[in-house]
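Colleague: Given next are the chains, with one letter for each unit.
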Amino acid sequence: MSQTEKIRQLPEYIELTRARKKIIWPLSTAIIVAYFALILTIAFSPKTLGNPIGDGVTSIGVVMGLGIILLCLVITGIYVYYANHVLEPLTRAIVQKADAIESGESQ
Amino acid sequence: MKIKILLAFIISSITTLAYAETATPSGAKGSAIIMFLGFVLITLGITFWAARRTKTTSDFYAAGGGITGFQNGLAIAGDYMSAASFLGIAGLVYTSGFDGLIYAIGFLVGWPIVLLLIAEPLRNLGKYTFADVASFRLQQKPIRILAASGSLVTVIFYLIAQLVGAGKLIELLFGLPYTVAVIIVGVLMTLYVTFGGMLATTWVQLTKAILLLSGASLMAFLVMSQFAFSFENMFAAAVSVHAKGDAIMAPGALLTDPISAISLGIALMFGTAGLPHILMRFFTVSDAVQARRSVFYATGFIGYFYILTFIIGFGAIVLLLKDNNYFADGKLIGGSNMAAIHLAHALGGDMLLGFISAVAFATILAVVSGLTLAGSSAISHDLYATLVLKGNSDEKKEIRASRIATVCLGIIAVLLGIVFEKQNVAFMVGLAFCVAASANFPILLLSMYWRKLTTRGAVIGGAAGLLTAVILVFIGPTVWVDAFGFEKAIFPYKYPAIFSVTTAFVGIWIFSLLDNSAGAKAEEAAFDAQFVRSQTGIGASVAKTH
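Quick note, the sequences are listed as chains A and B, same order.
Following our numbering, the residues of the first sequence are numbered contiguously, the last one being 107.
Following our numbering, the residues of the second sequence are numbered contiguously, the last one being 546.
Bound-form chain B, shown alone (with noise of 0.2 Å):
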């Protein structure tokens, strides 16, 4: 009944847009405004659906467990493939060549590490967070607000990318103003996630990530066509009409110094298994052997996706150089994030730059939500039920707190997303990663792996970690410099990784191993019990199918 209500209105909605579509004058922006409120009005009417059947936490947070591997999959490539990769990478490939691809294949490798280390005996332990499974012998209130805290810094940082990125494609694609633009991102992805949960998000991430894989391949295709399918057409060409010559061959502009190369490597490498929207989608699924599979297939579809980004990049070095009507005084209109969209112009006309900037627009909006929900779910499953409720789980105020989280990291997620108007995207998304790496992934892998993990080791390096990457960031050239004003910055590198990453691990270390109290010998005593349930998946709680 509610599908046939749903089809119905799908329906209706396309019929009434491809009316609208002959009705309106052609021309970029009601092109781009039919779809995109085409793709408004059909995500409105998933997260509608999904809400009517959002009944438990288990059906919030986690889609009731019934989403299968290849689903999960094509989800967590959604997540994955945000406004940063694709607008952000090809736009970097577009300015300085061979340095976008080293963020694409940055964030690729973190994959076969979550693969391979991570996926499954998290999805044997946890249940909807990864604080559930750092808290899993580790005493519960300490960790669960140190993964808390980590999980919201990272979503935060990740948020105002996403968000800068919206604000920027809005106001180019229809004229509205930044401030608008971003207010109007942060009110539906408010609305997505307080509705819907874990289950619409996860269907508008597979929605979106079929359009997106579609829209990115036909561009491709496009590109390549002109070069007779061959790269090194494709390379000599660009080469040739480029400011920078060959140089766009070899890494540039982007990483100055050896620290910050390393830094951003460490960073890309290990920022991935510690993304507490990534990792809630491992609760998603059935078992490990659908956490495993779902890896697999994301890793396949995010791998194409980056290929098919590069070209884009190059073709838009081609395609958009020899012609004036993208550019204003010299410079590309909008920026240079907006390379992929002006290339869909050039490529296909007013209807192919209408998709792309819709499921652009859509893009971010799906990994808004994803992010606003992992973050919500740090306050209101792990602060509020832990500190609050104290362990005396009520699923209906864990939902309502869960929801008035939302509303209130939908108000700050705007206001920083105001304030960092004019920074990178790729590059605030690798400082989300930075934290990730600095503050998550140390207690994850130590807490699974690592028998001698104390409380007091993990709280006090993993703390440390946090804070080291946060007040680095914030005196480094970002903060100090680009957003406060000041001359010089006090912490010369734009990514700490090296140094907190480093600092949580030692930290962690140092203090277990100093740790001679009864509760640090209960804990390593119960690691036998944790590793085997993490092996084997026995005694975890089995997600339902019905």
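Okay, chain A solo, but in the shape it has when bound (with noise of 0.2 Å):
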């Protein structure tokens, strides 16, 4: 079995793949489903996003405009968190056993 293969068995790269594609596609998707619903909005209806907030004249496309560009912090946030403390044990892990699989082989 080469190396590689030995790796893709360990349970911590089947946890590690698991748990990275359980966080980058929901927030992939996150951040596309909000910056393509103020692009269709432009192109489609683009005095929706002119409509006043409340009293002044504060719009609502300044506003989601604004909304996007601090989701984009957080979402990018979220994932360093999680990276750091999720994914990178696992993948210290990994390295480790991979070390011992191959100092194993050249033995």
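If a hint is listed, it holds; no wrong ones were tucked in.
Straight-line C-alpha distance at most 25 Å; calculated BS3-like pairs for lysine-lysine:
hint : chain 1 : residue 1 : chain 2 : residue 2
1    : B       : K452      : B       : K521
2    : B       : K244      : B       : K322
3    : B       : K422      : B       : K331
4    : B       : K141      : B       : K452
5    : B       : K452      : A       : K21
6    : B       : K452      : A       : K6
7    : B       : K452      : A       : K22
8    : A       : K6        : B       : K521
9    : A       : K6        : A       : K21
10   : A       : K47       : B       : K244
11   : B       : K244      : B       : K331
12   : B       : K390      : B       : K141
13   : B       : K141      : B       : K397
14   : B       : K141      : B       : K396
15   : A       : K97       : A       : K21
Think of the hints as simulated: they come from the structure by calculation, not from any bench.
Given two chains presented individually in distinct reference frames, assemble the corresponding complex, making use of the accompanying hints.
Modeller: Below, the structure written as structure tokens:
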């Protein structure tokens, strides 16, 4: 069995790929949906975005826009926190075991 | 020792400048010129220092891999906060309010995608350029040629935008002819890159990012202080003085049809992940952890910066429109791209004007240096090393080829910068994003995540995406009408991304599935090993932190 195959069968590796999928696809979808919601509104109903929020002149579009900028920060923040606390320990465990596999093979 | 010399150099130039400042008769041009020369001297010093430390190809392309996540985040932000971002977005906000925000958001939303899908696997798989990654399990030669071509076209579009911005700024500030201004920028950027490589551009980016963030923060603070730190007050004041009234709070003239809006959205969101000079920055850090951190910091800096730019644009509406000094014949002097520069004068007089101009110029110079380096490494590392040296790597020859390529790119960029003088800078950057999203992004994404990708599929689909993007821009309004002077464009939309990105993905998908060759089977079989490495970093060449 090749080293790749051995790593792929490690429980930590299976957990790592599962845990990564679980975080990256929902977060990517969230930012794509939020952004294209704005883009499609600009494309098909630009006037909607000009409506003021409340009594002043601050419009829905400006609030949505600034909201998306904040969402970018929130999403990257969530991912980096999750990656450092969940993905990183798993990766370290895999690297250690892989080193053991490799030194076992070379002996 | 070298650091001492550098420090002595910097201190002496600052004292000289401070002296010159008091000696020069006060005037916008005087202080701006002094600030500008000071920055040029300091960055040349950095380059000189870096050049003495640049010994290997790894130093030259990837700064030896010893940059930390925070430093790299600042450098990425530095690469990204270009003339188009600062001058272009502030100018767009000044002209039509909300439209500027569309670009600002678009330039930012690519970052979560880069972080979630691209940065870590890229760092785990690659060495210097994204072609290294794409050719990991596919055939080296055709993939490298294609990836290098995509990178080069992107870099050239981006360079034109920056050089036009720089030329206009210098023309306005120093009264030099536009052509001379563009040539000066071209020579300076060639010097930086030729002698210093990535190490120098990384430090230039860091210095500049800090200066730009502080300058923009100061301006935004001064603007907000006039409105009791209330956005509502600022918007209300802007609506009351702007000719378009409350229309500036909604999408306006920028995107007049749905196809253009969606196309721009696609280009901006997925273009970031295909920009070669940004991708290169993930190889300057030691591992995937630092790559991840640097994207987080970069997103923070860039998001903050765009909010500042938005405030600066609105500040310009309120403060400039009521002051005739900034207008000649009813038009803003130097065009709307100079709104941020004039606002600096309105807020803080000649000193702030000088500072912001120097920072804006430095921004452009640093960005073009990073771009040129990415372009020259596509030529030397991907084309020259693969095709001419045929994989027999020879570091000295490769670095020399890279330096020659830098000089050639500098000349091409200057010539095109002169040809495209009249183009809008933010828009030209949008085109660079469009090419990156069509040519580089599909191959990069699919090579890392799609098992069935084959060389044939990647080459045909990628080339189709690249060609579609370039041809549609060529026969579209920008080149066909604006540059060639024809009356009507053959292709009616300014941004072709919706067509070219689709072409690339569909082409890659169909031709990969149709590929039943033995090579295709081997490439499919190699996916597991590649995927394991992209996830864990096992087997990746670890950059040293010596």
